[in-house]
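K.L.:
Could you build all of it, start to finish, from the sequences and the hints given here?
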Amino acid sequence: MKHIQTLETRNLCESAKNGGCGECQTSCQSACKTSCGIANQQCENT
Amino acid sequence: MIHRYKLGGMNIVLDICSGSVHLVDEVAYDMIGLFEAESREAITAAMLEKYGDREDVTEADVNECYEQIEELRDAGKLFTPDTFEPMAGALKAKSANVVKALCLHVAHTCNLNCSYCFASQGKYHGDRALMSFEVGKQALDFLLEHSGTRHNLEVDFFGGEPLMNFDVVKQLVAYARSREKECGKHFRFTLTTNGVLIDDDVIDFANREMSNVVLSLDGRKEVHDRYRVDYAGNGSWDRIVPKFQKLVKARGNKAYYMRGTFTHANPDFLKDIQQMLDLGFTELSMEPVVCAPGDPSALTDEDRVIVMEQYEKLAELMLERRRAGKPFTFYHYMIDLTGGPCIYKRISGCGSGTEYMAVTPWGDLYPCHQFVGDEKFRLGDVWTGVTNTEIQADFASCNVYAHPECRDCWARLYCSGGCAANAYHATGSVRGVYKEGCELFKKRMECAIMLEASKALDNNA
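Top to bottom, those sequences are chains A and B.
Residue 18 in our numbering sits at position 18 of the first sequence, with consecutive numbering throughout.
So our numbering is basically just the index in the second sequence, starting at one, shifted up by 46.
Don't read these hints as lab results, they were simulated from the structure.
Just so you know, these numbers come straight off a predicted model, no measurement behind them.
All clues given are correct.
Below are the DMTMM-like pairs computed for lysine to aspartate or glutamate, each with C-alpha atoms no more than 20 angstroms apart in a straight line:
hint: 1; chain 1: B; residue 1: 227; chain 2: A; residue 2: 23
hint: 2; chain 1: B; residue 1: 300; chain 2: A; residue 2: 44
hint: 3; chain 1: B; residue 1: 292; chain 2: B; residue 2: 246
hint: 4; chain 1: A; residue 1: 17; chain 2: B; residue 2: 128
P.N.:
Okay, here's the thing in structure tokens:
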């Protein structure tokens, strides 16, 4: 019996090797200007 | 570190440092909770005692579950240690002196007189002013000169009410476009407006040039008109809603957000979301008011209980409408599990004071729009650049590990330590923590991840 279903996600440890390009959008510019959420952003270099 | 929670009929386990998301059954949910503190024998005994009346939970089954947990741990998808602190300053160090985003305050004045406005009716506690083309042009030149190898540059036209200086906005966009090719850059413009001055000319321009428009609407007419009034005290809802509808209809598939604020007057903000949907808007952002605790619009502890419930009901509504083929977007529930930000971004935060700055109508630079008007945060100006290196260094070193309270928080790699301005206004330090905001943020993340998990289940069904 499979007790655990793992969803497909971006591996953060892997992203340490190839992330950091800095091209992603500044979160606060996106919509709300008061309570930004970095997690609501998308990588622009996937 | 892991975080377990139950929502939407699902048992969800987050592995914070790998970013993994697991959907688990009751047995696995309990076993994962005990895994780090108890021995295998003790966990097995506890499970058999708790689920002894269930035929499908046998000792062999519990053992199998234990092995699945071990496999995930060994694969780096459960109980992943936090090894990121040494790279906390890496992104900012790598991009030192690189600026890629400006909030252009083209108008420190407004045609509305909203009492809850963080910018003191657009004046930012100073004089009324409009930015000249010359100052704006210098700001764009400053951005181009300091943008390093960045290709995407972002400029938000902000205020006050930016459409009170619409001619300059148009001139600045034309100037920026004229420099794109020679500089190898791409400008993404956004416009934040209260809607009063929207006409056909604005609609054509915004829908041609703006990557995103942010339209201020608080939802229900009586809620909106409580705060969003003109200087004669008249509400603005009747004037702006038809204009917003016309702009959005003409906008096609280009991005926009209806951006509302909920306050002590409407912690039941789901009714305002519903109102926006009834008006035909589907891209929504509804945010808690940010103000001093004693302010009449401030959320109380009782309000926050209601807000937390509303967030869950909002997630249920989104799920229901998506399954009915009538989806809508809520900004803070947008989360891309496979294409979200890298660890550098998650550690380093929004970039305020380093790669993101606000420019006043006089050309002064501030760490972001929420610090404008507070002289001690003035960084410099668009002619001489950053001269207050002490303040900039403070922001450069502001990352998730700079907040002691965040070290044991499961949400730290989703919020990146939170908003520096909110922290400063709540605690007097950009390294502080705006605790009331944290609780709401965590609830939003739980709901957002639940929605993504349900999407994955629906796709696999």
